[in-house]
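Note that the sequence shown covers residues 113 to 208 in our numbering.
Mixed in with the good hints there might be a few duds.
Distance windows between CB atoms, simulated [what the hints assert, rightly or not]:
id : residue 1 : residue 2 : range
1  : Ser123    : Lys159    : 18 to 26 Å
2  : Arg184    : Gln131    : 16 to 24 Å
3  : Gln125    : Thr172    : 34 to 42 Å
4  : Asp150    : Ala177    : 13 to 21 Å
5  : Leu126    : Asp198    : 25 to 33 Å
6  : Gly168    : Gln131    : 30 to 38 Å
Hints in this document: simulated from the structure, not taken from any laboratory.
Quantities reported herein were computed from a predicted structural model and do not represent experimental measurements.
Note that the Cβ used here is the ideal one computed from N, Cα and C, for glycine as well.
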Amino acid sequence: MRQMDIAEFISEQLLQRIQYATLRLNRPHKSFVLTLLDIWGADNRLKRVDVYFPKGIDRTTRRWAISENRLRTFSLVAPVYFHEVDMPSEGILAFI
113 MRQMDIAEFI
123 SEQLLQRIQY
133 ATLRLNRPHK
143 SFVLTLLDIW
153 GADNRLKRVD
163 VYFPKGIDRT
173 TRRWAISENR
183 LRTFSLVAPV
193 YFHEVDMPSE
203 GILAFI
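Using the sequences and the hints given, assemble the complete structure.
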């Protein structure tokens, strides 16, 4: 089963009107992150984005590095805050 694109079940216009977003990334899921940042890059009303990732994770791997670099670049557009926390090892969760 393929992972659904976030814009397939939440419209781009709704995503662009969000003011506060929380991303809990257990794995980088770079396609999810890049799609979301592309949508927000076109237009957004974001006041804050919080990104949570597991403690002790190797963030030097290519997929983590790409996702993190894009998020850090996006922080020039909207405030992005990174938090290292204890998390379960499975899945991705986004509160938008």
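Could you check the hint for me, namely that Asp150 and Ala177 are 13 to 21 Å apart, CB to CB?
Given a distance of about 18 Å, which is inside 13 to 21 Å, the answer is holds.
Hint says 34 to 42 Å; check whether the CB-CB distance for Gln125 and Thr172 agrees.
holds (36 Å)
So does Leu126 sit 25 to 33 Å from Asp198, Cβ to Cβ?
Distance hint for Leu126, Asp198 holds at roughly 31 Å.
Could you see if the CB distance from Arg184 to Gln131 stays within 16 to 24 Å?
Between Arg184 and Gln131, where Cβ atoms are some 21 Å apart, the hint holds.
Consistency of beta-carbon spacing, Lys159 to Ser123, with hint 18 to 26 Å:
Given about 20 Å between the Cβ atoms, the range holds.
Outcome of range test on Cβ distance (Gly168, Gln131; 30 to 38 Å):
holds (32 Å)
Violated hints: none; the structure is consistent with every hint.
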